[in-house]
Amino acid sequence: MKPFNILILILVATISILLISPYLGLNSSTNAEIQQHILTQLRIPRILFAFIAGAGLAVCGMVFQAMFRNPLATPFTLGVASGASLGAALYVFLGFSFSIMSIDGSTFAAFLGSLIAISFVYSISRLRSGFSTETLLLTGVAISFFFSSLILFTQYMSNVSDSFQILRWLMGSLTTVGYRDVLQLLPFVSVCIAVILWLSRELNLLMAGDDIALSRGLAVQKTRYLLFFVTSLCVGAIVALCGPIGFIGMMVPHICRLLIGSDHHWLTPATLLFGGSFLIICDSIARLIIAPAEIPVGVITTLLGGPFFLWLLIKSRNKSF
Amino acid sequence: MNGMLNVQELNVEVASKKLISDISFGLEQGDYLCVLGPNGAGKSTLLKALMGIVKTASGDITLNQQSVSQLSQKQLAQHISYVPQAHGRQLNFNVADFIKMGRFPYHSAFSDWTSTDKQAMDRAIDITKTSDFLSRQMQTLSGGESQRVMIAAALCQQTPLLLLDEPTSFLDPLHQVEVHQLIRQLNQQHNISIIEVSHDLNHAAHHSKHILALKNGKTLWYGQSAELLQSSHLQDLYDQQFVFTPHPQTGAMVALPCELSNDVS
Chain E
1 MKPFNILILI LVATISILLI SPYLGLNSST NAEIQQHILT QLRIPRILFA
51 FIAGAGLAVC GMVFQAMFRN PLATPFTLGV ASGASLGAAL YVFLGFSFSI
101 MSIDGSTFAA FLGSLIAISF VYSISRLRSG FSTETLLLTG VAISFFFSSL
151 ILFTQYMSNV SDSFQILRWL MGSLTTVGYR DVLQLLPFVS VCIAVILWLS
201 RELNLLMAGD DIALSRGLAV QKTRYLLFFV TSLCVGAIVA LCGPIGFIGM
251 MVPHICRLLI GSDHHWLTPA TLLFGGSFLI ICDSIARLII APAEIPVGVI
301 TTLLGGPFFL WLLIKSRNKS F
Chain B
1001 MNGMLNVQEL NVEVASKKLI SDISFGLEQG DYLCVLGPNG AGKSTLLKAL
1051 MGIVKTASGD ITLNQQSVSQ LSQKQLAQHI SYVPQAHGRQ LNFNVADFIK
1101 MGRFPYHSAF SDWTSTDKQA MDRAIDITKT SDFLSRQMQT LSGGESQRVM
1151 IAAALCQQTP LLLLDEPTSF LDPLHQVEVH QLIRQLNQQH NISIIEVSHD
1201 LNHAAHHSKH ILALKNGKTL WYGQSAELLQ SSHLQDLYDQ QFVFTPHPQT
1251 GAMVALPCEL SNDVS
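In the order they appear, the protein sequences are chains E and B.
Note that our numbering has the first sequence beginning at 1, numbered continuously upward.
Note that our numbering has the second sequence beginning at 1001, numbered continuously upward.
Be aware that a few hints might be false.
[To be verified] Some but not every residue of chain E turned toward chain B, in silico, with C-beta under 10 angstroms: (1) W198; (2) R201; (3) G217; (4) A219; (5) S262.
Calculated directly from the structure, the hints in this document are not laboratory data.
Please read all numbers here as calculations on a predicted model, not as lab measurements.
Every residue gets a Cβ at the ideal spot worked out from N, C-alpha and C, and that includes glycine.
Produce the entire structure from the sequences given, and follow the hints as far as they go.
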């Protein structure tokens, strides 16, 4: 099938999911007014938020996979998400409370955290001569552990209510999302995705490796820094609002690459739509499976993602990206 | 010197290890330079330094009297193209998409694919005879096919200078001849200047115009290719005795490595 047709199919599926999912689990015995309220004030913002966050996480994952030519390289495996989490956890712990242009301070704290994490991982992996993806991944894992223990420490030192807040948030949840959060998230994710769409050709070249990219005239280092910056912004904003929802950035782009090929002119829009729909589906499962209670959506994505990660690890051994 | 490319006292260090020290040479438009030398002599590093892939520690590289340090990577890629050591088959690309990426230096973010781009691409495909496998994946190509695709992508850049890093090292004799014929055709018919890193010294001696012999990152010998087989430098270069004999078919002098005399017993 042509990439265009596949993209149309994904688009149709996405629209159906967007239209159907608000009505799932809507109790028909309650009166119409309450139903209406649940639908417009709770469900719709939550689904919009899930779509934007899922799209952002998936596209950032796609960028990392292309930049480092490895399906296991994502903002999560490289410690960017734990950097963001630490930033946001410190913001809660230290009792900061500020906002700039009506954007909550935790977003900036998370953005700083993710930027520090990626700078750290990237510069450490470049210290050793002969930059290799293995070094990069291992550095990312080490940094993730380091930041996770700092988060645990922060949580341990916090009072009970802060501690519970941090814990719930660390699991990744969309429970308390409202229109305000949608508006907070939208500018960051759209700027990030716009830049990434604009850099389709550059991403294609990065997938061919640094030597070929440079010989075709791509300023590799500059492009990489720009991509680090926008993905940190995007991951930071998402993590600050709904916690680190893992594995979407690894599963979705990889599946899309199998469906539509690795040309980023097609891959980026496909990943965006697929990622958004995927998080809506996971969130619906999280919401319905033990209704009326809910599981944090991060638990669902991680349950799916863990086995997928292992499958990739076994399958991609000795095979380049 | 006022050739198209001038390299003056070039030094390259990677992780504080000196890989290239004080190399100087010049290249005229239409020249065909072969870079010879043992493994680890700095041949590939020299090509990468010219292409801006590794940073130079000191020294000047000028293209048409302009220092390359003043050019952006994109501008550099309009002057020099590069075919890396064989790894085309590890790339997960469609052949046509890969060749098309050779037009990158002529595009900005929002520019469209023009008829100039199409002409350049068609011409590159035509010269390299790659039209039969445009729709295939790079991983499914044979070694010879993959090398022609790599050259086609570089030709898309329409540069006056083409750098080739061991373009025939992993090919069987038939495909070696085929790729070398293609390179000579590019040089003679299309007036593209060539710098080729090679281990095939007889090919270098007979088909290139100049030879730069490197050892331990230094220039050991630089001169007219035909003179290489008359000099004793070949032995110094490879730490190996050679015998010279006329080719039974063509009569041209060829160098053959001597059998190692010390017995293994």
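Evaluation of the provided hints:
Evaluation of the E/W198 hint against chain B yields a held restraint, the C-beta minimum of about 6 angstroms falling below 10 angstroms. For the restraint placing E/R201 at the interface with chain B, the shortest Cβ-Cβ distance is roughly 6 angstroms, inside the 10 angstroms limit, so the hint holds. Of the supplied interface hints, the one on E/G217 holds, with its beta-carbon coming within about 3 angstroms of a beta-carbon of chain B, less than 10 angstroms. Taken as an interface hint, E/A219 checks out: its beta carbon lies about 5 angstroms from the nearest beta carbon of chain B, inside 10 angstroms.
A cut of 10 angstroms between beta carbons decides the hint on E/S262: the least distance to chain B is about 6 angstroms, and the hint holds.
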